[in-house]
Amino acid sequence: MIHFKLIYIFTLIQYVLANKAPDINSITNRPLIHYTPEKGWMNDPNGLFYDKKFKIWHLYFQYNPKDTLWGLPLYWGHATSKDFVNWEHHDVAIGPEKDNEGIFSGSIVIDYNNTTGFFNSSIDKSQRIVAVYTNSASNLQTQNIAYSFDGGYTFTKYINNPIINVNSPNFRDPKVFWHDKTQQWIMVVSKSQEYKIQIFGSPNLKKWKLHSNFSSGYYGSQYECPGLIKVPIENTNKYKWVMFLSINPGSPMGGSANQYFIGDFDGYKFIADDSQTRFMDSGKDFYAFQTFSDVDVSKYGVLGLAWASNWQYANRVPDTNNYRSSMTLIRNYTLEYISTNSETKLLNLIQKPVLGNSLNIIDSINKKNIIMNTNMSIELKTNNINDIFDFDITFKVVGPTSPRNVTNLDIIIGSPKNETIRLGFDPVVPGFYFNREIQNKFYKNPFFTNKFSTYLEPLEGNYQVYGIVDRNIIELYFNNGSSTMTNTFFMSEGNLPNSIKILTSIDDVFKVEEANIRILSL
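Mapping of the sequence shown onto mature numbering (1 follows the signal peptide of the UniProt record, and there is no 0): residues -18 to -1, 1 to 504, in sequence order.
Just so you know, these hints were derived from the structure itself, not from any lab.
Treat the hints with care, as some may be off.
Result set (DSBU-like, lysine-lysine): computed pairs, CA atoms no more than 30 angstroms apart in a straight line [stated by the list, open to error]:
1) K37 to K334
2) K363 to K189
3) K189 to K34
4) K334 to K220
Across the chosen pairs, the derived CB separations fall in these ranges [as the list claims (entries may be wrong)]:
5) N219 to K37: 25 to 35 angstroms
6) M358 to H161: 19 to 29 angstroms
7) D301 to G236: 35 to 45 angstroms
8) Y250 to K493: 47 to 57 angstroms
9) E475 to S435: 24 to 34 angstroms
10) S397 to K163: 31 to 41 angstroms
11) N342 to E496: 15 to 25 angstroms
12) K493 to F429: 20 to 30 angstroms
13) T136 to G236: 35 to 45 angstroms
Just so you know, even glycine gets a beta-carbon here, dropped at the ideal spot from N, CA and C.
Could you build all of it, start to finish, from the sequences and the hints given here?
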């Protein structure tokens, strides 16, 4: 009898282990520190805010939990993090009333002064959370609000929604903030196919008045996902206002892109300093950028993130783990005067990744003052699939170059199956280039462009690049973040990046001032 009991217990343990839900972060090819949905489809980030009471970063997003393709009904998914890289999944936060409708993009504000009247004195002022979002129904998009009594995990829709209805099928993506000087709520929202960013004001988040329109830059097919925020200028006590907007389709890189404008805002009208069109990222997987609300800028700076995909192929990238899409890392944003050529400096957005303190250094290599030759390389390799790479390389051109010769410095990210991606620098141009071409079935998609490049002036005589490689996404930050490039890539399932190698095609042209390569793990 005891023998049969032991067999039964052993069989039961085997069954439980076999049917235990896997840790989604252990599933191959899924990024480890870039947020991905537990299952289903994800696109634009929404409602980003920092909970000062519980010290939690909230991320909402466009979400279809029932499929790995975009489709209605569309919800606000929800996740939180305490350290910028470890994310906890939560239930859907806001959903539509009908299956043929969607809760489209929007933002969250903290109504400290209870201007809405939704909250009583028992609700902590820092917990007076109001979501402002687009409800998309058949041929009609309107702006709506909902409020939360439980820290942003569930919401009650305002009984008198919508708060703005202009009878338009293309009117969406409100980003709202409190403007101290004029003591009003400000909303920037896209009249997308009229190429207008409309600026509204309100005393209470319920009744709104149109103040002005902004239209500038590269048009593409339509405007989406605007934002407006004060950004500090480095090495000063000054700031400028920055207007962000997304275009899709029709960006110069193909498909989706984000652009920004630097200027002044008086509470009623935004005026750009110049007519320059500045793009936030020179890669192809950075869209629908949004900043976090209720952040202490003196402590954390201006923080934001974007959707790491592109509408040209977002519905077609591999979904072997029953999910699609990831977000970029959270980035810190400042402004700085940067040389755009040998005679001119212009204000430019500076972007730097925020990694927190939760990553462990598993291995590293540091090299300094090396004249690169063709018979040498700087390399670091791992056999652990739960590893992330980052690298920080500063170099200068010290030898003669000629258009007649191939004079490249290359950084090659390799894998066990010899699928590689490559970052390089050509001093003749001068500029960086990136190639994500891999010979597998997915890469036959004609819109999944393989090659990208960016021009840079040297920074104090040097060129610098920081990169982070997280399974199927790479973020590159050039010259201390004055230019960035974000791209996804898709190696064969189960094949993950496991090495980084720095090498050159010519002797005595490049001097590596310093090269740091690290293997990181959660």
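Going through the hints against the structure:
no.: 1; hint: K37 to K334; verdict: holds (21 angstroms)
no.: 2; hint: K363 to K189; verdict: violated (59 angstroms)
no.: 3; hint: K189 to K34; verdict: holds (28 angstroms)
no.: 4; hint: K334 to K220; verdict: holds (19 angstroms)
no.: 5; hint: N219 to K37: 25 to 35 angstroms; verdict: holds (27 angstroms)
no.: 6; hint: M358 to H161: 19 to 29 angstroms; verdict: violated (57 angstroms)
no.: 7; hint: D301 to G236: 35 to 45 angstroms; verdict: violated (21 angstroms)
no.: 8; hint: Y250 to K493: 47 to 57 angstroms; verdict: holds (53 angstroms)
no.: 9; hint: E475 to S435: 24 to 34 angstroms; verdict: holds (29 angstroms)
no.: 10; hint: S397 to K163: 31 to 41 angstroms; verdict: violated (53 angstroms)
no.: 11; hint: N342 to E496: 15 to 25 angstroms; verdict: holds (22 angstroms)
no.: 12; hint: K493 to F429: 20 to 30 angstroms; verdict: violated (39 angstroms)
no.: 13; hint: T136 to G236: 35 to 45 angstroms; verdict: holds (39 angstroms)
This entry does not satisfy hints 2, 6, 7, 10 and 12, going by the numbered hints stated previously.
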